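Throw the hints in and build the complete structure from the sequences for me.
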Amino acid sequence: MYDVVIVGSGASGGAVAYTLCKAGFKVALLEKGGLMKREEFSKDELAYCRRDFVTPNLFDEYHTIEEKVEGEWVATPSYESGWSFWNGNIVGGSSNFMSGMLHRMHPDDFRLKSKYGEIKGANIVDWPIGYEEMEPYYALAEELVGISGHFETHPYAPWRSTPDFSQAPTKENAVVKLLDKSCKTLGITPLVTSRAVLSASKAGRDACYYSNFCGSYGCSSGAKGSSREALIVPALATGNLTLLSNTHVKKLHADSTEAVSYAVVVDTITGEEKHIKAKLFVLAAQAHETARLLLNSANEYHPDGLANGSGQLGKNLLFSGGGSGQGELYKEGLMEISFEELMTTGLFVNRSVLDWYFIDDPKEGRFKGGSVEFMFEHQNIISRASKDNKDEGKLVWGTVLGERIVKRFREQKSIRFEIFNDWLPTDDCFVALDPVHQDKYGMPVGKLRLNGHPQDIKVGEYIAKHCEKILQQMGAQNIYASISSAPAQNLVAGGCRFGHDPKTSVLNKECRAHDVKNLYVADASFMPTGGSVPYTWTIYANALRVADAIVRHLKST
Amino acid sequence: MLRKDFIKKTGTMKRRSFLIFGSALGLFTYFKLKKSDDFEVAFKKVKPTIEAVQEHMFPQNSKLPSADSKQVSLFLFETMSHSSFDKDIRAFVLEGASELEKRHDNHFTSLTAKEKEIALRAYEETSYGSAWLSQMMTLTLEALFSDPIYGINKNEKYWNEVGAYGGLPRPKQRYIGTRDV
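Sequence order for the protein chains is A and B.
Take the first sequence: its letter number 497 is residue 497 in the numbering used here, and every next letter is one higher.
Take the second sequence: its letter number 162 is residue 162 in the numbering used here, and every next letter is one higher.
Treat the hints as calculated values from the structure; they're not laboratory data.
This one's a predicted model, so the numbers in the text were calculated from it and none came from an experiment.
A few of these clues could be false.
Claimed, not checked - Lysine-lysine pairs mimicking PhoX-like chemistry, simulated, CA-CA at most 25 Å apart:
#1 B:K116 x A:K390
#2 A:K394 x B:K154
#3 A:K407 x B:K154
#4 B:K87 x A:K407
#5 A:K390 x B:K114
#6 A:K394 x B:K63
#7 A:K387 x B:K44
#8 A:K390 x B:K63
#9 A:K120 x A:K503
Said to hold, decoys possible - Not close to chain A: a few residues of chain B, all C-beta gaps over 10 Å, as computed:
#10 F39
#11 D68
#12 H107
#13 I118
#14 Y128
Claimed, not checked - Where chain B lies over chain A, by a calculated footprint (3+ residues, C-beta under 8 Å):
#15 37-47
#16 76-82
#17 212-219
#18 379-385
#19 393-406
Even glycine gets a Cβ: it sits at the ideal position worked out from N, Cα and C.
Rendered as structure tokens:
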């Protein structure tokens, strides 16, 4: 029997495994996908970005997606639509493939209801902990994961217990000269992006080599702070970790009302089913899959699903509000920098804007806003070659197409912004079990009802207008922005919100199930509201916080 | 066309129904193929049509280097044969080529360039034909601009032409396996 079984090896699973193994506990880390080592990754666009190379085939494993069509909720299997909600199912999870633009949540994100009040149709609550309880773990994650950056004072930048990042920022393309100047002309403050990418080698991981293909790809130097590189590799070195890849967990078994006794797992290669016992279980999957697993673990002791005494399991699923926009910089009219500098490959744009994190606008009012990241258009070659082949809705082909493709690559570079704002929790965004569809292991698939709150769009559009002005100031052409209520499937949280009251929350403040004494949830599903930054730093930090609670729990029993 | 792009393009989550039942001629026999051998036989039947369309879309006198359409169609066959490829799109590629031929009494490949242009533009007027032509363009661009290891972008000739280069490390093996033809 293990001391602890962890389900999922992404950001949260790796953080819990690291802490527990360092503390001397015997841990089994279960991952449904396979193990890919650093040396096995490549920049193969076809495999990683255009095929289901690191995610399940949707005809084998899928979700049903419920959207409102003409007033009725209609569920469509994702093999029908092709809209996959899987994100990097290998050891280390989707942290292998992140772009790594990470931010801490703001202290007011922990008390959104107190600070900004109710919003009609949104289930906003304050968190049961404050930023001051999370801050030491943000700092710990910064060191362990290896987050590079440079702290600059800003009214909306969260306070830190350490003066600055120990890793200097990653190298920057000269376009930041133009971007910085344009922002300053408009009275906007650009900040250096904190990034989970090493600028200097550290503990067996080599510094970034600026491959030009970072997000969506595994890192071949170990610079990217994936769970695998930063946490699982050192956890394995303790000798206390058993890594079980290709191990899919069907359900957890509780033979009393109080405790889980074993996980029912399937070897995804052989199909063999077995039970894995432990004193304590930690769920660390994607948020929607954690809720599904707990719902699928219903039995006579837990008829509505494990840890679902509140009836809140799967409710208040979160994504990220916002959207993106883009503009093209051409040689002609380019200011501040040379075209050759602009076209230099590999270096990061490395700029974030927090000026609209909180908005107090004379016309629009006072409301919570969001954060913005600037970057170049993804440098994938096939996708860039595919972007300019339409004229008034008709395909362009022949010699004209060849000219367009060459021009697009040689004569311009597209700069882009991405907006992250709160996806407000509502009654119409949740995960439940689909009553009809089952995966290849015979378990009901997750049915995701997706509906964004109108406020999410309002905020995104407000910020997008300001970002478009920055691109205009930079001299960009063909500027556009797209703010959508369709969620980004790689930014998912909620479904097991934590809180003080067992009647209204799934987990307590230490992310232990209110109902089940030896069950913790360490992934993003604990979040009752999501903040306005990408989730990953908060996932790492909270999992390290939960792991400390688990250590105290194990030592006391 | 990636599946999510399909949703964006057509505005429907019912991609599968569209691919299967969108054919004006009521085909959809290829959606019933079970074995990989069946796919190989079926692909050979439509291969000349696919090659003719590719040659028309990416002609010899373009700014892009010319591609050997036989090599491109081999790439298509290999990538579509792999288990990671969406089986609906695989069948749709075959079905759409059959429909194009049927619209021209199985003489599409022998049309002149001008006639092909008229034929393809007419096919594009149908939502099914438009989706199929988009799919053909996507697959062909994948062939041309993939890593040289996939066989078309020899000596990085397509990357050189546009001045873009794949990152390092390059793949040491093809995810679809080695070529044994």
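Cross-check of the supplied hints:
1. Straight-line distance between C-alpha atoms of K116 of chain B and K390 of chain A comes to about 19 Å, which keeps the hinted pair within the 25 Å bound.
2. A threshold of 25 Å between alpha carbons decides the hint, and for K394 of chain A with K154 of chain B the separation of about 30 Å lies outside it, so the pair is violated.
3. A distance of roughly 21 Å separates the Cα atoms of K407 of chain A and K154 of chain B; the hinted pair therefore holds under the 25 Å criterion.
4. Annotation: proposed proximity of K87 of chain B to K407 of chain A is violated, straight-line Cα distance about 34 Å (limit 25 Å).
5. As the CA atoms of K390 of chain A and K114 of chain B are separated by approximately 20 Å, the hinted pair is consistent with the 25 Å bound.
6. Distance restraint check for K394 of chain A and K63 of chain B: the Cα-Cα separation of roughly 21 Å lies within the 25 Å cut-off, and the hinted pair is therefore satisfied.
7. For the given pair, K387 of chain A sits about 30 Å from K44 of chain B by alpha-carbon distance, which is inconsistent with the 25 Å threshold.
8. Proposed proximity of K390 of chain A and K63 of chain B is supported: the alpha carbons are some 18 Å apart, at most 25 Å.
9. Annotation: proposed proximity of K120 of chain A to K503 of chain A holds, straight-line Cα distance about 22 Å (limit 25 Å).
10. At roughly 16 Å from the closest C-beta of chain A, the C-beta of F39 of chain B stays outside 10 Å, upholding its exclusion from the interface.
11. The Cβ of D68 of chain B lies farther than 10 Å from every Cβ of chain A, with a closest approach of about 16 Å, so its non-interface assignment holds.
12. H107 of chain B, annotated as away from the interface, keeps every beta carbon of chain A farther than 10 Å; the closest lies near 21 Å.
13. With a closest Cβ-Cβ approach of about 13 Å to chain A, I118 of chain B is found to remain outside the 10 Å limit, as its non-interface label requires.
14. At roughly 14 Å from the closest C-beta of chain A, the C-beta of Y128 of chain B stays outside 10 Å, upholding its exclusion from the interface.
15. With 7 residues having a beta carbon nearer than 8 Å to a beta carbon of chain B, the stretch 37-47 of chain A meets the requirement of three or more and the stated coverage holds.
16. A count of 5 residues in the stretch 76-82 of chain A with a Cβ less than 8 Å from any Cβ of chain B is obtained; the coverage claim is therefore met, three being the minimum.
17. Counting residues of the stretch 212-219 of chain A whose beta-carbon sits less than 8 Å from any beta-carbon of chain B gives 3, enough to reach three: the coverage restraint holds.
18. Figure legend: the stretch 379-385 of chain A, annotated as covered by chain B; annotation consistent (5 residues with Cβ-Cβ distances under 8 Å, at least 3 required).
19. Counting residues of the stretch 393-406 of chain A whose beta carbon lies closer than 8 Å to any beta carbon of chain B gives 10, which reaches the threshold of three, so the coverage claim holds.
The structure is inconsistent with the numbered hints 2, 4, 7, although it conforms to all the rest.
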